[in-house]
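Asker: Model the full assembly from the supplied sequences, consistent with the hints where possible.
There are 2 protein chains.
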Amino acid sequence: MSEIVTISVDAMGGDRGPDVVLHGASLLFANHKNVRFIFHGKQEILEPLLKKYPSLISISQILHAEKTIAMDEKPSRALRQGRGSSSMWRALETVKEGKAEIAVSGGNTGALMAMATFCLRPMQNISRPAIAAIWPSLRADIIVLDVGATVAGDAQQLVDFSILGSALARALFNLKEPTIGLLNVGVEEVKGLEQVKEAANILAKAKNAGFRYHGFVEGDDIGKGTVDVVVTEGFSGNIALKTAEGTARQVGAYLRDALKADIFSMLGSFFAAKALRALKNKMDPRNNNGGIFLGLNGIVIKSHGGTDEIGFKSALELAYEMAQDNLLEKIKEGVKLFPSQNVQQDVQQNNNKD
Amino acid sequence: MSEIVTISVDAMGGDRGPDVVLHGASLLFANHKNVRFIFHGKQEILEPLLKKYPSLISISQILHAEKTIAMDEKPSRALRQGRGSSSMWRALETVKEGKAEIAVSGGNTGALMAMATFCLRPMQNISRPAIAAIWPSLRADIIVLDVGATVAGDAQQLVDFSILGSALARALFNLKEPTIGLLNVGVEEVKGLEQVKEAANILAKAKNAGFRYHGFVEGDDIGKGTVDVVVTEGFSGNIALKTAEGTARQVGAYLRDALKADIFSMLGSFFAAKALRALKNKMDPRNNNGGIFLGLNGIVIKSHGGTDEIGFKSALELAYEMAQDNLLEKIKEGVKLFPSQNVQQDVQQNNNKD
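Sequence order for the protein chains is C and R.
Going letter by letter, the first sequence gives residues 0 to 353 in numbering that gives the first Met the number 0.
Going letter by letter, the second sequence gives residues 0 to 353 in numbering that gives the first Met the number 0.
Wrong hints could be hidden among the right ones.
Said to hold, decoys possible - Listed next, with one range per pair, are the computed distances between beta-carbon atoms:
#1 C:Glu187 <-> R:Arg15: 27 to 33 Å
#2 R:Ala139 <-> C:Lys98: 50 to 56 Å
#3 R:Met70 <-> C:Lys98: 54 to 60 Å
Worth flagging that the hints you see were computed from the coordinates, not collected in a lab.
On a predicted model such as this, the values are computed, not experimentally measured, just so you know.
Cβ atoms here follow ideal geometry from the backbone N, Cα and C, with glycine treated the same way.
Answerer: What follows is the structure in structure tokens.
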């Protein structure tokens, strides 16, 4: 049997409460018998709830945490008030203490990022963490980062994200030298924001860095799968992610309407029911749920706050895979390939040139 | 019969050459008998070509322009070398001279924007022009701007874009008070870029401005149609637009694959053929082709450079509608409703407060 994987779970995070969390966990355990859970939250709520999922009882531990971080709490306030005593903080601390491989929360993203950065601390040579999304493309799954950890990043951060993203792609997709593209408004060298052009200059010079720099990519290259890793700062990355989600839902709604247009269409959708179900499944955002916090001394998976047990199970599944792969060690090795110090010198030189 | 509408066309712009342009024009004329064209480009190419489209001969004028701006030309260089003598410049100048209502080009976007700004000049009280896209949503068509004219705009520009976008929505959709949303990474007040938060402060205080400020919107609100006008700076706007295009294509490809999966699916798609064709048509980017340059003393439509005659006809159709609506006058009136001077004072006051 494979090694035990322990996941530290903020059982109080998310819009729908702890039932969704425990239900999702029981679904994961049904697939992976070597998983163990540490649930953080109010004992008086979690203990009776656990009885609803008997398969979890012998493989789970409940650790009491008095506070729950509200979904709309300001990150700075959440950090000030929830440090030590909240289910979110305790879920992270358990990873820091080495008692679990990875933490999962469906709570407030800003608060989780602030707490994770404070608790787990940025990796050596990485200035700020990023949130990476695994994005299905027409070619293969790819990685897009940052999808919302930091808005308005500079060139240094874009280079850091390239290092982190390529390390993740090597570990998760077993690629030797993933291709990296910088998201821009055109593929020509003259276009775009200064910091993106500056990052391009640095990445183009990278040697033996564990990735191959492809150049600029545009928004439609994400869906095409032009590169393995798409790098951008968190504002445009978040907007790309949510715009794509919105567009997929929109097209799905158009398709449903079209197939109800007349009796022939309805007959057609009856015959094609299996194919249409498979398509629906493929496009179901619940099956692709989980932002990966990268660049810290510990990995954290952020589940969508509004998801149900199927979605939460996806986030746990992602955490499980990443813990199995020993991803953190692989990322740390990856970061050493293209040390940030050189990068900083390059940025310095580039600035001096201007 | 309705009034004559004259469209000034850069016949040399686009990747596929002037045949696509003239073919598209003949398709528009088939629908609208009151349209007239002025084509700019090499006489020795355009004159023989026009004979291919006999319906155009009596309603078109060819004006010789020696130079053609290359699709990959740097905007600054295009402006320096193509001013006066290029088909692009001449197409714009004809609007400036009042000989045509609107200009259309499928050429190099950056060069067209640089030339248009230089030739037509920004409207009074508007600091920089924007490119607006008409975006189909689940509710109705909406407007998104800026989709690529200016990267990294400040608060003042976002306010300008709100004024321009709402004026366009009033004119194009016959709305009395369109709703405006600022694109952001969250709907909470504390989130996002400083300039976006600053613009929100100004817009929230606007009174009798010809629009209603809704607040922040996220990427998925575009497809939902949460507001009539989505305002953002050109970097994220361009990425949102292209990501949506890519996602729509991706979902279309998934659907095609799904419907070929087995004999039942194929049978199903046979019965639903009409509905699926209607859907394909709805999602065809050629039917929604044309970026609208707003904020100048003259309106310019940018067609996608790679499109065919169907796509170019869409861009001409958009130009035709906007000229019919007397859009420029309506926008100028709209700009007066919420004059930029007040805005600048507000920005000043906000800055002083910080």
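Asker: All the hints need checking, so say for each whether the structure fits it.
Answerer: Consistency of the hints with the structure:
1. C:Glu187 <-> R:Arg15: 27 to 33 Å: Given a distance of about 19 Å, which is not inside 27 to 33 Å, the answer is violated.
2. R:Ala139 <-> C:Lys98: 50 to 56 Å: For Ala139 (chain R) and Lys98 (chain C) the Cβ distance comes to about 53 Å; the hint holds.
3. R:Met70 <-> C:Lys98: 54 to 60 Å: For Lys98 (chain C) against Met70 (chain R), whose Cβ atoms are near 59 Å apart, the range 54 to 60 Å holds.
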